[in-house]
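My request is simple: use the sequences and hints to build the entire structure.
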Amino acid sequence: MNQDNDPALSRRRFLARAAGGAALALTAGPIGLLMDRAEAGETAAQTQDPLIVHVTRPYDAETPVQEFLSWVTPNDRFFVRSHFGPPPPERIDKATWRLTLSGLVEHTLTLTFDDLLKFEEITVTAVVQCSGNGRAFHRPKVPGVQWERGAVGNARWTGIRLRDVLRRAGLKTQARHLQLLGADRPVAETVPLFVRSIPIEKALHPDTILAYRMNGEPLPLLHGAPLRLITPGWMADSCVKWLMDLTVQEEEAKGYYMQTAYRYPLHPVQPGEVIDPHDLKPVEAMVVKSLIAAPQQGATLSGGTVMVQGVAWTGEGRIARVEVSTDEGQTWEPARLVGDDVPYAWRRWQFLWQVRGSGLRTILCRATDDRGQVQPMASPWNPGGFLWNGVDRVQVQVTEA
Amino acid sequence: MSVNVRRPVPSLRGLMALAAAMLSLTCLTMGLAQEQTTAQTADQQAQRLLAARCAVCHSTDLIQQQRLPRDRWEATVKKMVHWGAQLDKGEAAMLTAYLAKYFHPEAGPVVALPAASSVQADQAGRESGAAPTPVGVEARGATLYKQNCLPCHGEAGSGGVGPKLAHNPILTQADRFRTTVSQGRGAMPPWGAVLRPQEIADIHSWLQTLK
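Sequences listed follow chains A and B, in order.
Mapping of the first sequence onto my numbering: position 327 corresponds to residue 327, and the numbering continues sequentially without gaps.
Mapping of the second sequence onto my numbering: position 81 corresponds to residue 81, and the numbering continues sequentially without gaps.
Please keep in mind that the hints were generated in silico from the structure rather than gathered at the bench.
Treat the hints with care, since some could be wrong.
With a Cα cut of at most 30 Å, we get these calculated BS3-like pairs of lysine-lysine [said to hold, decoys possible]: (1) B/Lys146 x B/Lys211; (2) A/Lys281 x B/Lys79; (3) B/Lys211 x A/Lys254; (4) A/Lys94 x B/Lys164.
Label-pair restraints from in silico Cβ distances [unchecked claim]: (5) A/Met377 x B/Asn168: 55 to 61 Å; (6) A/Thr190 x B/Ala156: 14 to 20 Å; (7) A/Arg139 x B/Lys211: 55 to 61 Å; (8) B/Gly159 x A/Leu221: 15 to 21 Å; (9) B/Arg70 x A/Met307: 15 to 21 Å; (10) B/Arg70 x A/Lys254: 29 to 35 Å; (11) A/Leu221 x B/Gln147: 28 to 34 Å; (12) A/Pro140 x B/His167: 49 to 55 Å; (13) A/Lys254 x B/Gly186: 34 to 40 Å; (14) B/Lys146 x A/Pro140: 36 to 42 Å; (15) B/Thr179 x A/Glu328: 53 to 59 Å.
Just so you know, even glycine gets a beta-carbon here, dropped at the ideal spot from N, CA and C.
See below:
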């Protein structure tokens, strides 16, 4: 099933957008204006619209997709996912904060923030996307934050290689997983901590970084200050914020957020089907996906030539092509890939649509990566509502020219 | 000159039938009204539970965006109780029924919550009375604090997600304390629908004893 076949959902999306981007909607008509602003480095951030808030406490909010005309998502416009909200300031004060590395290592390490700065610094531009982005489009609906399209962003992450820290400590031969724990804590002690782990291969990957800067600025509080993990190409459930404790171990992390949540079925499942826990694996790599940033859902266009544009990304491969359909997917035409082509970052694309006729029209886009993954019309249903990557869809009103 | 107006004289049988019909109609509407009142009360109680037991950890917008069948709501409430939500069996059942009634898969994008205003009204009613400020009982306050305030304000008012309450200047202003608790402030939900003025006074008294 597809997202906009549900009129109720379309309306909700429209309402959400109307609330989230009222000021932007006023300037939606002239696409050229939006382009100029994006290219001049001026983004929607200046308009100070709120993000689209799904949960006020702990804060969960997504970015209005029209802001993805900008290749880099500004820090204050980047989506926020919180399990418990930021830790109290004293727990993450750079002067007293420590990163510890223990478990199956030759030497336990305790590093100050300044110690981190002595390692070689690298910058990776990477998409960070909530595993539940697009959850609202699954049918039947599944529990969880009802993210729509904007729980994703592209930023420049600066920090040090995780593997350099692991090598400093020295891994024992049984080392298979790296457990991660941040400084954030739930309101009640009875709620499980956000304990996660990644396989040691990903931890040792040269592009996996402990990041302390985001788009050149110190990592903001809501994004994990002073240190978060960035696992380029993987979903953000691995990108633990407010990182404090690393533990090398033989087994995957125990606990709700690793053993129950953020897991995906190995085989297609039917709603309501009982799934053997052995048939669930952790959500890791991203799947190929694209979004239409302009024109916006619900826009009125006067026909002629319309610039359709957006972004596309994939997990550990590269975007090979993006196609656009204006006839409900019967025929697809190639879009032009533009701008920087950088591993792990998203790719911008543009398509010149020669609009014929008038009335309500639907624009679809789908991406294909260099490993042959193609965006499906709708993603496989799964109980957690993860990894939605169904073709993106925008409906516009075309008036007589 | 008099005019004879012919009035139809109702037969006794007709009268009895009418009376019976009216009686049964009255009974029916009374039954209906009673059912409505019961449902309304259950809704109100469930809404108080939402504010008091769920909103301790997360705002209720997280709940209101879900559209789940009853079995999923049952599983969710069970999970939350397992994680420490303060709900006894009856309360959990009441909450589940409420959630399944309003936030089901066919509910549409905007759910109208009929009883929402009555919680407010009830709260206002409790506050508008000219009743004198109740005198708090410390021992009761300790228990009430543990059940309602501790998750955010910490053991012995030491602070946590919410501010430290031991020696907090607000304790010197009983009126401000009562208003803040009953109406909420910032991230803190309004407790007026859950805690009676007497209970707020109990908590206040106990907090004042903290060293």
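ask   = Which earlier hints turn out false for this structure, listed by number in ascending order?
value = Going through the list in order, the structure violates hints 3, 9 and respects the others.
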